[in-house]
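Asks: What follows is each chain in one-letter form.
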Amino acid sequence: MLSVLSYSSQKKKRRRVRFLLDLNIIIGIILTVMALSTVVILTLWSRRIIERIHARSPGSLRKIQKDIINGDGA
Amino acid sequence: MATGPEKESKTEHHKISTEFSRNLTLLQITMMGVGMMIGAGVFLGVGNAMKVAGPGGVILTFALNAVIALFTAMSYAELSSAIPKAGGAYNFARIAFGRGTSFIAGWMEWFASSVAGSLYAVTFALYTVHYLTQLGIIQASGFQLILVEKGAAILIAGFFIYINYRGASETGTMGTIFTLGQTVSLAFIALVGIATAIADPARLANFQPFLPNGWDKLLITMGFTYVAFEGFEVIAQAGDEAIEPRRNLPKAMIYSILIVVFTYVGVAFAAIVGVKDIGQPAWIWIGSYGGKGFGEAISQLMPSYGSILVTITVIFASTSALNATIYSATRASYALGRDRMLPGAFSWLHPKRRTPYMALLFTGGIVISVASFLPTIDVASSASMMFLFLFFLVNFCVIRVRRQMGDEMTYGFVMPLFPIPPIAAILIQATLAVWLIHMSPIAWVVGPTWVVSGIVIYRFYSKQRARRTEDEIVVLKEQPIPSKDEYRILVSLANPANAVPLALNCYKFCQAKGDRTEIEVINMVPVPSQVPLSEASKYSHAGEEAIIEAMLYLAPRYKFGSTMRYCRNVARGIISAAAQHKADLLIMGWQGYRRKGFSLGSTVDPVLERATCNVAVFKDCKQQKNMNVLVPFAGGPNATFALETASIMVEQDGGRIIVFHVAPPGKPTQDIDAFLDEIAPQLKVPRSLFESKYAISRERLKTILEETKHYDLVIIGATRDPLFRQRVMGSLPEILARHCKKPLVMVKAKHHIRSLIKRWM
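Protein chains in written order, with the numbering used here: chain A, 770 to 843; chain B, 403 to 1163.
Hint data in this document are derived by calculation from the structure and do not stem from the laboratory. Don't take each hint at face value.
What the hints assert, rightly or not - Some but not every residue of chain B turned toward chain A, in silico, with C-beta under 10 Å:
1) L462
2) N467
3) I645
4) I656
5) L660
6) I801
7) R802
8) I830
9) A832
10) V836
11) I839
12) E1101
13) R1102
Stated by the list, open to error - To be clear about the criterion: a stretch of chain A counts as covered by chain B if any three or more of its residues have a C-beta under 8 Å from a C-beta of chain B, and this derived list gives those stretches:
14) 796 to 804
15) 818 to 832
Where a beta carbon is used, it is the ideal one built from N, C-alpha and C, also for glycine.
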């Protein structure tokens, strides 16, 4: 009886470890994809801002922010 | 912005004006950044990081570090687009924090880049000599081998010092060739890794266990490899030499991060899947080789030509990084010389080559000395730490420059999501810097020693000799009150016409605050941007007259001090004076009209927003009797200070203060009487001085404006809305102030925590 119990708990433990490992991989992949996507999105967004600013002409912060808030900016 | 620095030639009888040649393209500066980033870090980093954090940890380390690096790169990009000059972080700190901080920034920048350069020279020598030894071309061992390696390091450093001397274009071309070479090699390795994984998916099992030592080890590896993303520093140095710098510098910075992160993640993936049938988990096997782990893994991935490919790539990487670091360090010391923080010789430009040859000579001296004599790895850790400090500082600079000088700068790029990226970068970099302590204790000896030596040099040499920049606020004449003992009022006078009314109103505050009140009168002399600051004295006559007028009223009874300063921007001058003089109250006048795009005016708006003390702005307050004073009340944070000001301004004999509240229909009114019962004892004035009045109306502004017609004076608290929101959306107090025909005082109370932050930011 005891050996059956210990076998069962070992099996559970192994399953738990396996689950945690899988969870680590899933979280890791999600984090990596999110980080790389953030880099790509911020790069494209920044590029768009630069092009918008230079399409008119570089100016003060107030002028640039106004363009952005007006909706025709970045 | 000044187009280029000048140099006085010692060899000619007349002065020769020399400036950098502007011929670096977007591709060249991007490649310089990529070259400085990839350096030797990825090759040494993969094996070492694998040992600590496992296979998943390496990939995550590079991906997460890229996000943080991009945050800092955006700060660099924004500042470089506004201040496109050689000097990078030094220039940013000069404008944001002044001379002392900027010198230390430039001093750290110079050291960090020079020592990183020597590390790359040594890396080149190690790999090249090792490969030549394998081929049997070099047959040396022991001390002889060390001498050969040192000799090779000196030779390669000397070669790139010469390339930098030849000119920026040659530097950029060489950098582009070498960086393209290494990037293509690394991209090839990454592609082979991906193809291998597709052909043999069983190799993906090398990713298990994903994080064998837990998530916390990720911080250690992030701290260790973060400096592998430092390359945007060198791009910032190219401000004087890049074509269209306001557009190309920010682009190059963000592109370089993008290129580098995919390269790093790709080659790390290739290294992990490259290993097969080694009888132990892949991460343990790669980690056991430490810095050489990457090379060993790639040799497994490509058995026939992996070794030679890695060697060639390392040679490309270390030489392109060496080229970029010499360029960066030279420009950092050149900028210090240009502003006479270091001897002027550092700013001498070669008449033909147009390169800062003396700065290059000194930088080359450091690179060769460190490569020859010092334990480079530990000193390089100090350089890494100082890069972290620099990035930390630059993130502060971007916040401060936006807050204080946003309307004066010409921006070619403004970062999205501001201020989240710089704040996040500051917090994470601080954490990484702490973890770096565990990696190299010697770094905490070498780094601070260099900083302390910089402080000593600044204190005894640079401080007296530093050149004034165009953006500085300069004191023309000053008769200060020696030390602050009591309540201090700062009165900002614009001209003789507003001097007397402001002095009289100031007098009322002095009477209320007691005989020991101190008064500082300040006159800011705005100098147009086309006029040199040295000509500013021509604009100071009206200010002198105004100060004398105020002095006649105030000086006989109270401690009195006066200052005249000239500056490019009056608001910034007033805000800095209020902080510097530790004023408790700032009094200033407003003529009642505004420039388009501002709520109250280009001077009043920023002062109300950013002053670190209480502020009272007077409009049309001549020498009238204030028998009836109206205080529109909405229970905002400035209500108490508005009531205090009203109690000071009202005639004590027979005057009354009406506290007026307008509520929209169907909504409960605020209980003014309860508020007054509580506030009157605090203000030490009789409760009977205040009366409450209520109105119900949908049109609050119109009702209040109608009510103001029956009073001698209106006192209103300013909004707490941010400046930009006010400008775009408008806010009731500011609209009321503009349309009110009666004398008006707008007040804003100091918020202790915000003021403390503003004082530092």
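Asks: Compare the structure with each hint and give your call.
Replies: Okay, the hints, checked on the actual structure:
1. Restraint check, L462 (chain B) versus chain A: the minimum CB separation of about 6 Å is within 10 Å; hint holds.
2. With its C-beta approaching chain A no nearer than about 9 Å, N467 (chain B) sits inside the 10 Å limit, and its interface hint holds.
3. Checking I645 (chain B) against chain A by beta carbon gives a least distance of about 13 Å; that is not within 10 Å, so the hint is violated.
4. With a least beta-carbon distance of about 5 Å to chain A, the hint placing I656 (chain B) at the interface is held under the 10 Å criterion.
5. The criterion of a C-beta within 10 Å of any C-beta in chain A is met by L660 (chain B), whose closest approach is roughly 5 Å, and the hint holds.
6. For I801 (chain B), the interface hint is violated, the least distance from its beta-carbon to any beta-carbon of chain A being 12 Å, above 10 Å.
7. Look at R802 (chain B): its Cβ only gets to about 13 Å from chain A, farther than 10 Å, so that hint breaks.
8. Below 10 Å, beta-carbon pairs count as interface contacts, and I830 (chain B) has none with chain A, the closest being about 13 Å; its hint is therefore violated.
9. Hint status for A832 (chain B) relative to chain A: violated, with the closest Cβ pair at about 20 Å, above 10 Å.
10. Interface restraint check: V836 (chain B) against chain A, minimum CB-CB distance 22 Å, threshold 10 Å, status violated.
11. Nearest Cβ of chain A to the Cβ of I839 (chain B): about 25 Å, over the 10 Å cut. The hint is violated.
12. Violation of the interface hint for E1101 (chain B) is found here, the shortest Cβ-Cβ separation to chain A being roughly 26 Å, above the 10 Å cut-off.
13. With its C-beta approaching chain A no nearer than about 25 Å, R1102 (chain B) sits outside the 10 Å limit, and its interface hint is violated.
14. Residues of the segment 796 to 804 of chain A lying with their CB closer than 8 Å to a CB of chain B number 4, which satisfies the three-residue condition for coverage.
15. Taking a C-beta to C-beta cut-off of 8 Å, the segment 818 to 832 of chain A contributes 9 residues in contact with chain B, enough for the three needed, and the coverage statement holds.
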